[in-house]
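**Student:** Below are the chains, spelled out letter by letter.
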Amino acid sequence: MTTDQGSRDRTGSDETFLEVQRSPEFQALRKALRGFVFPMTAAFFLWYLLYVVLSAYARDFMDVKVFGNINVALIFGLLQFVTTFLIAWWYSRFAGKTLDPQGEALKARVENGGPR
Amino acid sequence: MNSRTLTITLFLLFVIATLAITVWASRQTRSAADFYAGGRKFSAFQNGMAIGGDYMSAASFLGIAGIIALNGYDGFLYSIGFLVAWLVALLLVAELLRNAGRYTMADVLAFRMRQVPVRTAAAVSTVTVSIFYLLAQMVGAGALVALLLGIKPGATFLGMDADTAKVVTIIMIGALMITYVVVGGMKGTTYVQIVKAFMLMVGAAIMTILVFAAFHFNLSELLGDAATKSGKGEAFLNPGSVYGKEVAGNALQTFYNKMDLISLGIALVLGTAGLPHILIRFYTVPTAKTARKSVLWAIGIIGSFYLMTLALGFGAAALVGGAAIRAQNPGGNTAAPQLAQALGDRFFGGEFGGTAFLAVIAAVAFATILAVVAGLTLASSSSLAHDFYANVVKKGQATERQEVVVARISALVIGAISIVLGILAKDLNVAFLVALAFAVAASGNLPAILYSLFWKRFTTRGATWAIYGGLGTAVVLVFFSPVVSGTATAIFKLPHDWAWFPLSNPGIISIPAGFFFGWLGTMLSRDKADEAKYAEMEVRALTGAGAH
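Chains as they are written, first to last, in this note's numbering: chain A, 1 to 116; chain B, 1001 to 1548.
Worth flagging that the hints you see were computed from the coordinates, not collected in a lab. Every residue gets a Cβ at the ideal spot worked out from N, C-alpha and C, and that includes glycine. A hint or two may mislead.
Below, in silico cross-link-like pairs of lysine-lysine (PhoX-like), each with a Cα-Cα straight-line distance of 25 Å or less [what the hints assert, rightly or not]: (1) B:LYS1493 <-> A:LYS97; (2) B:LYS1493 <-> B:LYS1245; (3) A:LYS31 <-> B:LYS1533; (4) A:LYS65 <-> B:LYS1456; (5) B:LYS1493 <-> A:LYS31; (6) A:LYS65 <-> B:LYS1258; (7) B:LYS1258 <-> B:LYS1293; (8) A:LYS31 <-> B:LYS1293; (9) B:LYS1258 <-> A:LYS97; (10) B:LYS1041 <-> B:LYS1289; (11) A:LYS65 <-> B:LYS1493.
Just a sample of chain A residues kept apart from chain B, beta carbon distances all over 10 Å, derived [to be verified]: (12) PRO24; (13) ARG59; (14) THR98.
Covered stretches of chain A, going by a simulated chain B footprint (3 or more residues, C-beta under 8 Å) [unchecked claim]: (15) 44-54; (16) 60-72.
Please put together the full structure from these sequences, using the hints given.
**Tutor:** Below is the structure:
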């Protein structure tokens, strides 16, 4: 076997891919994916950045003790763990329910030679 | 049996077991897909563990515990950044990369571009990032051995002084990792990661439980005790003792310090999805869906581990004490094993218990380092063979056999280079080096990856400018930063001073620079983006059609 350039084998012709890409079903899939991951990325990134910026500039607030020796900084840090776990779980549920069925239908279509 | 003998025995057991796995894996490694991607047969859980094994490096186990033990709360920033970073990989990169690529990061970058320039750039970037990261691991191994073998400056072990023993350790670790990669390929390396991740999780969990047992399972009591013993009081539990320090009467330096903290935070969170040795793990599973599930496992495993770093760090501060840790290693890299000794003393019966538990945890730490260096070496040698040799030198005309031979030779060369660099850099700080690797990865690789996957107009020139621009900015800024020269703790200590860039971490400048150069290169391209190829990549990435 020779190494194919760019790791492509011919699963479909250029026309097939262009047609599938323009199909309403594919557009819907792309919209669903981007509609979830872009806002979610912005959200967790800003939430994380808020934590970092507060650590730099809002020391008085971060140093406040909530109970015992547990202060706001520690709780804020632990909340980052909680949100990370939650977003991961949320995304996997969304992907399993919404993205996977749409993707699989389109995949079958590409591998059978494009929309008919 | 003393601690030294026990450590060596346990570590040798780990080495023998993993070498056996490697030899077994080598018998099943025939095709290029076997060597690069472990045959793509791993399950989500296996790959999740292996991702954890690749990711939880010496910096995570030794470095973070050490920073928390010596400086308190600030070390926790690393744990948080390293974990949150996985959301970038999960949401934006893992599945699309799995579907569109095959063996290396460059498969995706070069998909719709001219192969030669983009793959060359990707190979340069992969090797640069991996060597930064490798250095950190080698240095960690050197620092560890002095503690484990009980060598202090002036003392000897088997006739070797501390420096000679460090050099010998670095050479041995290097030789072992070369063996894993050359013989076992991705399959062997993946099993080594899984075994290591299991050992590390169990070791850290036992230590965490014992730390909490020592403080009546009361986190507040642990924190209070750590703060008292640290001599810094409450400040120990608050942000600001190392990062973003406020310098009285010097507003400019205070501003630089705060920017440095933000820069570090950004580099940590954006670096993961640009680390080549992490990205190629997504190819070891059969489908994008499995890749997603493996990232979920990884987030669970890595998240639990980073939560435990709190117990390890504050536990070491409370039970070992900053002075004892500093005396052994000024950077704090030996806090976790020293904590193991203290816990063993306390819970497993006196001196022998301490010795034994230290030996176990030390063996775990060695395994940690060994596994990570193997993963890094594999990533770089894959890129050299698949991107540079097969697609640049041979223009895609290499046979699969030739590629694998070149990959094995590359592993040997990279291993040898990192041994030499590791020896030269043996006195540097571990966590700092890894943070730099993250900054370099986030600047050189992430912009190009995201543009490739999501921006239709992105061109060949955009891709090469993004990689060289981001990578170059990051490396140049590091070179002119206070970590390389101009301070008492720099690589080139005073009076050497050519530092004009005020921050230790370049991320806040170099990551936007990577994105900017990618955009600029695209705008200044003479040729337009190939629409048909973008259609093919997008359809394949989103649907998994024709995935390898």
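**Student:** All hints are to be evaluated individually against the structure, with a verdict given for each.
**Tutor:** Here is what the structure says about each hint:
1. B:LYS1493 <-> A:LYS97: Violated, because 57 Å separates the two Cα atoms, which is more than 25 Å.
2. B:LYS1493 <-> B:LYS1245: 22 Å, holds
3. A:LYS31 <-> B:LYS1533: 20 Å, holds
4. A:LYS65 <-> B:LYS1456: With Cα atoms ~50 Å apart, A:LYS65 and B:LYS1456 exceed 25 Å; violated.
5. B:LYS1493 <-> A:LYS31: Violated, at roughly 54 Å.
6. A:LYS65 <-> B:LYS1258: 23 Å, holds
7. B:LYS1258 <-> B:LYS1293: Violated - the C-alpha atoms of B:LYS1293 and B:LYS1258 are around 37 Å apart, more than 25 Å.
8. A:LYS31 <-> B:LYS1293: Distance ~22 Å between A:LYS31 and B:LYS1293 Cα, so the pair holds.
9. B:LYS1258 <-> A:LYS97: Distance of about 43 Å is beyond 25 Å: violated.
10. B:LYS1041 <-> B:LYS1289: Judged against 25 Å, a Cα distance of about 13 Å means the pair holds.
11. A:LYS65 <-> B:LYS1493: Given pair A:LYS65, B:LYS1493 is violated - Cα atoms ~40 Å apart, limit 25 Å.
12. PRO24: It holds; A:PRO24 is separated from chain B by about 14 Å at its closest Cβ, greater than 10 Å.
13. ARG59: At roughly 6 Å from the nearest Cβ of chain B, A:ARG59 sits no farther out than 10 Å, so the non-interface label is violated.
14. THR98: At about 12 Å from chain B, A:THR98 clears the 10 Å cut-off, so the statement holds.
15. 44-54: holds (count 7)
16. 60-72: holds (count 7)
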